Amino acid sequence: MAIGLSKSAIALAEQEYSTLKYTLEKKFPDHYVVIDPYSKAYFVGLTLGETMRTAKNAHPDRDFVSFKLGSETALIFK
539 MAIGLSKSAI ALAEQEYSTL KYTLEKKFPD HYVVIDPYSK AYFVGLTLGE
589 TMRTAKNAHP DRDFVSFKLG SETALIFK
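If you count by the numbering used here, then the sequence shown holds residues 539 to 616, one letter each, in order.
Since the hints were made in silico from the structure, they are not lab data. None of the hints are false.
Distance ranges between label pairs, derived from CB positions:
| hint | residue 1 | residue 2 | range |
| --- | --- | --- | --- |
| 1 | 599 | 564 | 24 to 34 Å |
| 2 | 606 | 578 | 13 to 23 Å |
| 3 | 587 | 567 | 16 to 26 Å |
| 4 | 561 | 592 | 15 to 25 Å |
| 5 | 548 | 599 | 14 to 24 Å |
Computed cross-link-like contacts, BS3-like style, restricted to lysine-lysine with a CA-CA straight-line distance of at most 27 Å:
| hint | residue 1 | residue 2 |
| --- | --- | --- |
| 6 | 565 | 594 |
| 7 | 564 | 606 |
| 8 | 594 | 606 |
| 9 | 545 | 578 |
| 10 | 565 | 606 |
| 11 | 606 | 545 |
| 12 | 578 | 559 |
| 13 | 564 | 594 |
| 14 | 578 | 564 |
| 15 | 606 | 578 |
| 16 | 545 | 594 |
| 17 | 594 | 578 |
| 18 | 545 | 559 |
| 19 | 559 | 594 |
| 20 | 565 | 578 |
| 21 | 559 | 606 |
Quick caveat, the model's predicted, so the values are computed rather than measured. Don't be surprised by glycine CBs; every beta carbon is placed ideally from N, CA and C.
Whenever a hint applies, use it, and build me the whole structure from the sequences.
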């Protein structure tokens with residue numbers, strides 16, 4: 539489900555995740571990564587709540603796409 543993000547923005551985040559995935563999965567197994575599709579800034583945390591808080595504190599007006607490392611599921615947050 540997309541909230542405030544275009545399909546192209548989601549695709550950008552997915553592309554960035556594909557680039558980071560291998561390295562992050564080795565370093566942070568079973569963590570969450572939240573990506574700003576425009577700046578490509580990303581944040582990693584053990585819980586989705588913690589990771590989103592960190593991302594929103596850094597960029598309060600941005601929308602993010604979240605991935606669970608080791609999973610194929612993506613979530614979009616505004």
